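*Asks:* First to last, the sequence lines map onto chains A and B.
With this note's numbering, the residue at position 11 of the first sequence is 11, and numbering never jumps.
For any residue, its number in this note's numbering is found by taking its place in the second sequence, counting from 1, and adding 249.
Where hints are given, some of them may not hold.
Taking lysine-lysine pairs in the BS3-like style, the calculated list, with each CA pair at most 25 Å apart, reads [claimed, not checked]:
hint: 1; chain 1: A; residue 1: Lys-138; chain 2: B; residue 2: Lys-478
hint: 2; chain 1: B; residue 1: Lys-608; chain 2: A; residue 2: Lys-135
hint: 3; chain 1: A; residue 1: Lys-56; chain 2: B; residue 2: Lys-501
Covered stretches of chain B, as calculated for chain A (at least 3 residues, CB under 8 Å) [stated by the list, open to error]:
hint: 4; stretch: 287-295
hint: 5; stretch: 495-506
Simulated from the structure, these hints should not be mistaken for lab results.
Here the structure is a predicted model, which means the values were calculated and not measured.
The beta carbon of each residue, even a glycine, is placed where N, CA and C say it ideally should be.
For reference, the chains in residue letters:
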Amino acid sequence: MTTPLVQMKNISIAFGGVHAVEDVSLDLYPGEVVGLLGHNGAGKSTLIKILSGAYKADAGEIWINGKKVDIQSPRDARANSIETIYQTLALADNLDAASNLFLGRELTTPFGFVDDSRQEAETRKIMARLNPNFKKLKEPVSALSGGQRQSVAIARAVYFKARILIMDEPTAALGVHETKMVADLITELKKQGLGIFLISHDTREMMELCDRVSVMKNGQIVGTERVEDVTEDDILSMIILGKNPKAAA
Amino acid sequence: MTDTNQTPAKGQDFESSLDKSDKKVAEFEHRRKGLVDGLQHLLHLNPTLVPVMVLVVSVLIFSLPMVTGGKFMTMFNLSLIMQQVSIIGVLAAAQSLIILTAGIDLSVGALMIFSAVVMGLLGVNLGVPSFIALIAGFVVAIGGGLMNGLLVTRIKLPPFIVTLGTWYIFLSVLRLLTGSQSIRSQDIDAEAPILKIFGSFISIGSARITFGVILMIVVFAVLWYFLNKTAWGRHVYAIGDDKEAAELAGIKTDRTLLTVYMASGAVVGIAAWASIGRVGSISPNAFAEANLQSITAVVIGGISLFGGRGSILGPLFGALIVGVFESGLRLAGLDVQWQVFAIGWLIILAVAIDQWIRKVSA
Chain A
1 MTTPLVQMKN
11 ISIAFGGVHA
21 VEDVSLDLYP
31 GEVVGLLGHN
41 GAGKSTLIKI
51 LSGAYKADAG
61 EIWINGKKVD
71 IQSPRDARAN
81 SIETIYQTLA
91 LADNLDAASN
101 LFLGRELTTP
111 FGFVDDSRQE
121 AETRKIMARL
131 NPNFKKLKEP
141 VSALSGGQRQ
151 SVAIARAVYF
161 KARILIMDEP
171 TAALGVHETK
181 MVADLITELK
191 KQGLGIFLIS
201 HDTREMMELC
211 DRVSVMKNGQ
221 IVGTERVEDV
231 TEDDILSMII
241 LGKNPKAAA
Chain B
250 MTDTNQTPAK
260 GQDFESSLDK
270 SDKKVAEFEH
280 RRKGLVDGLQ
290 HLLHLNPTLV
300 PVMVLVVSVL
310 IFSLPMVTGG
320 KFMTMFNLSL
330 IMQQVSIIGV
340 LAAAQSLIIL
350 TAGIDLSVGA
360 LMIFSAVVMG
370 LLGVNLGVPS
380 FIALIAGFVV
390 AIGGGLMNGL
400 LVTRIKLPPF
410 IVTLGTWYIF
420 LSVLRLLTGS
430 QSIRSQDIDA
440 EAPILKIFGS
450 FISIGSARIT
460 FGVILMIVVF
470 AVLWYFLNKT
480 AWGRHVYAIG
490 DDKEAAELAG
500 IKTDRTLLTV
510 YMASGAVVGI
520 AAWASIGRVG
530 SISPNAFAEA
540 NLQSITAVVI
550 GGISLFGGRG
560 SILGPLFGAL
570 IVGVFESGLR
580 LAGLDVQWQV
590 FAIGWLIILA
600 VAIDQWIRKV
610 SA
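Based on the sequences and whatever the hints tell you, model everything.
*Replies:* Structure, rendered in structure tokens:
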């Protein structure tokens, strides 16, 4: 049996008195897409932000490739080949696409200055692959459409050869065509052996893209099932009722 | 037969004419919208365009013989304006660094006097070697910036409150140190003439270029280079834009902020040294309005008070605009209060334009 890429073991975090995530365990294998579903405030984003280093868990362990790791910051997560596409995209609006793509990891000349021409060339290259229509390389990203901004955020995650990818509502702001593009990208990355955590509200999309889905409610996992073992209705009732019909049966 | 033939023909006619008129309306709408959008977009990409235009237009107007009788556009007067804005210009550069991170620094003016006073007390009153006095002055300036930075990043206080507090603190300490006494120009000349080095000038024709003016331009050039060509500069803009996003992008935001406050302090130290040369003496009560004037130059220079947008060169133009108005209106024989009046409107206009540019979208 292969080693899981990610194992989150008994993770808990509380904000004030509220247990946002309580004793949650989750794993992810290479070439697998695991979906996280649940209502707003169920704890999906919080859980994923612990893995990406934005929050620090109160309790629990994270294992990457069978080794326990300590993720204190987004930098630690990146050092462990974890890249995240945040729901808010986390872009610097007044910087252009290339500056955003390399933000915090700028390509520099031997003198320590930012190598703008190389950054731009690299951005052009990856954008040609992700979104061939993307032409506005010199514009601040605030002047881009929702889909274009999304592709900058995706490019940032994909460019640095992540092995674990976290996508928080990657298609929420996108049109039909762009959504299809993201779906194709997920399939391609999966083939390359990446592990992907996907958060979405679109149950049907999740059934198509994911290998397994985990449903959360009130900070806890209701159940984790392989998509071929459940119907969309099963998932919906897990989300709404907070009970796993299969486990009950 | 004829009927069926006619119907499609009619339909075709109808469709083609509809198509034509539709297109025209669409084009007109698009063009009108396109012009305003284009301007908004252009300003979004080049936030320094507005201050440059204001500067050019005001220089042209004041150059007209019927306005200032030809006294404005002389080498002597233009170089005098440069001298007059040099201290506020350097201070505005320090202020810009903080404002780019979406902060504001109310203490820069007080810190500048504090630093100058320390240079003078040590170098002149206590007879310490001049370079040690200068180093001490810079330690005070950088230390003051560090203090602001630590309070902002470690204790998470808003920069406005922190620097309002340190403004009082710096002012009181420097007055306690000096007993509110000035250090006289002759004493500086006798004991530590190097403190006044930036008052020296080279004459080119009737123009007097002081070292202080050259220093101001060098400060802006160096800061421009660091802000635009280094990763640090990129991070400064990103933090001002959205600190949380910058943190998620892996930037050590608090550490970067701390370096910004210290760099700003160092620039304040430069302003302090230059101010001794400009004024001649060191007075604890000089430059009382320097804080607000530095913010004015930054705002008129097109740097957004909301952080993350604007060129560091903007405040240089902002400071020059203030200087040009002051000189021009005086030469035109108008009350100086009209300059104050005009600057007030310019600030409001600049922020209004900034708000408008912020709404730019695809």
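*Asks:* Now look at each hint and say whether the structure bears it out.
*Replies:* Checked hints:
| no. | hint | in the structure |
| --- | --- | --- |
| 1 | Lys-138(A) <-> Lys-478(B) | holds, 15 Å |
| 2 | Lys-608(B) <-> Lys-135(A) | holds, 21 Å |
| 3 | Lys-56(A) <-> Lys-501(B) | holds, 16 Å |
| 4 | 287-295 | holds (count 3) |
| 5 | 495-506 | holds (count 7) |
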